[in-house]
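Chemist: Going by this note's numbering, the first residue of the sequence shown is number 1, and it counts up by one from there.
Check before you lean on any hint, since a few could be wrong.
Said to hold, decoys possible - Derived pair list, reagent style DSS-like, types lysine-lysine, alpha-carbon separation capped at 27 angstroms: (1) Lys227 <-> Lys45; (2) Lys316 <-> Lys299; (3) Lys218 <-> Lys45; (4) Lys292 <-> Lys316.
Claimed, not checked - Label pairs and their in silico Cβ distance ranges: (5) Pro18 <-> Ile383: 30 to 36 angstroms; (6) Gln235 <-> Glu356: 41 to 47 angstroms; (7) Ser35 <-> Ala288: 53 to 59 angstroms; (8) Asp373 <-> Arg393: 29 to 35 angstroms; (9) Val37 <-> Gly64: 39 to 45 angstroms; (10) Ser35 <-> Glu106: 39 to 45 angstroms; (11) Arg275 <-> Gly243: 41 to 47 angstroms; (12) Ser35 <-> Ala201: 31 to 37 angstroms.
No wet-lab data here; the hints were simulated from the structure.
C-beta atoms are modelled at their ideal positions from N, C-alpha and C, and glycine is treated no differently.
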Amino acid sequence: MPGTRIYLDWNATAPLRPEARAAMLDAMDAVGNPSSVHAEGRAAKAIVERARGQVAELVGCDPGEVVFTSGATEAAALAVAQKRRHGGRFLALGSEHDCLAVWSDEELPALHDTEGVAFRGMQAILDAVLQPVGRVWAPDRGDTALVALSSANSETGLMLPGGSVATDNRVHAFLGGTVPFAVVTDLVQHAGKVPVTFANADRPSYAILSAHKMGGPKGIGALINYKSHDLEPIQRGGGQEMGRRSGTENVIGIAGFGAAAEEAQRDLAAGVWDRVAELRNILENLLAESVKETIFVGKDAARLPNTSCFAVPGWKGETQVMQMDLAGYAISAGSACSSGKVRESRVLRAMAFPAEVASSAIRVSLGPTTTEDDIRGFARAWIDHHRRRASRRA
1 MPGTRIYLDW
11 NATAPLRPEA
21 RAAMLDAMDA
31 VGNPSSVHAE
41 GRAAKAIVER
51 ARGQVAELVG
61 CDPGEVVFTS
71 GATEAAALAV
81 AQKRRHGGRF
91 LALGSEHDCL
101 AVWSDEELPA
111 LHDTEGVAFR
121 GMQAILDAVL
131 QPVGRVWAPD
141 RGDTALVALS
151 SANSETGLML
161 PGGSVATDNR
171 VHAFLGGTVP
181 FAVVTDLVQH
191 AGKVPVTFAN
201 ADRPSYAILS
211 AHKMGGPKGI
221 GALINYKSHD
231 LEPIQRGGGQ
241 EMGRRSGTEN
251 VIGIAGFGAA
261 AEEAQRDLAA
271 GVWDRVAELR
281 NILENLLAES
291 VKETIFVGKD
301 AARLPNTSCF
311 AVPGWKGETQ
321 VMQMDLAGYA
331 ISAGSACSSG
341 KVRESRVLRA
351 MAFPAEVASS
361 AIRVSLGPTT
371 TEDDIRGFAR
381 AWIDHHRRRA
391 SRRA
């Protein structure tokens, strides 16, 4: 194994930013409880509120709409808990992250098809909303449906056209205005890699975020309550986070989250991810030139700038991950949030890819510190393993 390892799994987690580390170290000296009214408590609260503003700036909301949680999974659960407000049903497409998909009242297809064309699954959402047994929808009474629609998929990198964010009005209009929709959008992979922008005042109802995907610490995230709904808490107690999420705030983690969000905003302004996209394209060209049968998921569709999901049918993804690990490269086969499991991609199957492709897919995700040498080295190692495999099968 080479002495220097190359990290190409940024969608699983990003390395901790120096600025986040520094903010966390400073916060460790803040002894007060943010709920206390004395000077020490006020100092701790100031750290929390500064970070709230930094996160709000990144995702285009008011600071008061940021609810800190233990991570995106808790944020997703808090969003889903609001479904009683939105007609009592929650629907998630098959391409959504497990933290949202597990709550869906029905099993649905993916948003994209095998060519990366978006909105394939949207009619399924409409059918699921309009046809539950014994349910008569009355939009004039305020009936809505709560649906999850991620702006960027963690496995494939596929985004909505133009890198846009799903909003309540946009989904409502796309489905012919039949049912008002409240959207939970997963911004975990989007935020910090692509600007989060909205047309006019249109917003989703909720969004979820995770600090460690943008170079902050693990164990801290947020629910963005874009429309300032009165949230029904799932964690009750002392009424922290404006009564929306009780429990003493993780001041150290929140400080790191805020610093990471601020640096992520700077990276976007500096065009850092444009350079990353160029490296991703170099990688895909190198692989395509040498291994013609490689299938690149959504190559011509809107994607995250750093993500390449590809497969050679019959070459198991778990085998490739192990081979590249031994060669000194950290990559993954699908999402890293399944307790260390390597299995057939649920997302690709939901997109209607055959099992042979779904079980052979791997994901390479780059970051701001990735170099062209890293990419070319990975390509050489991967191509070499493919040639060895081909020679054994000849």
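Chemist: Could you run down the list of hints and mark each one as holding or not?
Modeler: Now the hints, each set against the structure:
| no. | hint | verdict |
| --- | --- | --- |
| 1 | Lys227 <-> Lys45 | holds, 24 angstroms |
| 2 | Lys316 <-> Lys299 | holds, 21 angstroms |
| 3 | Lys218 <-> Lys45 | holds, 21 angstroms |
| 4 | Lys292 <-> Lys316 | holds, 17 angstroms |
| 5 | Pro18 <-> Ile383: 30 to 36 angstroms | holds, 34 angstroms |
| 6 | Gln235 <-> Glu356: 41 to 47 angstroms | holds, 43 angstroms |
| 7 | Ser35 <-> Ala288: 53 to 59 angstroms | holds, 56 angstroms |
| 8 | Asp373 <-> Arg393: 29 to 35 angstroms | holds, 31 angstroms |
| 9 | Val37 <-> Gly64: 39 to 45 angstroms | violated, 20 angstroms |
| 10 | Ser35 <-> Glu106: 39 to 45 angstroms | holds, 41 angstroms |
| 11 | Arg275 <-> Gly243: 41 to 47 angstroms | holds, 43 angstroms |
| 12 | Ser35 <-> Ala201: 31 to 37 angstroms | holds, 33 angstroms |
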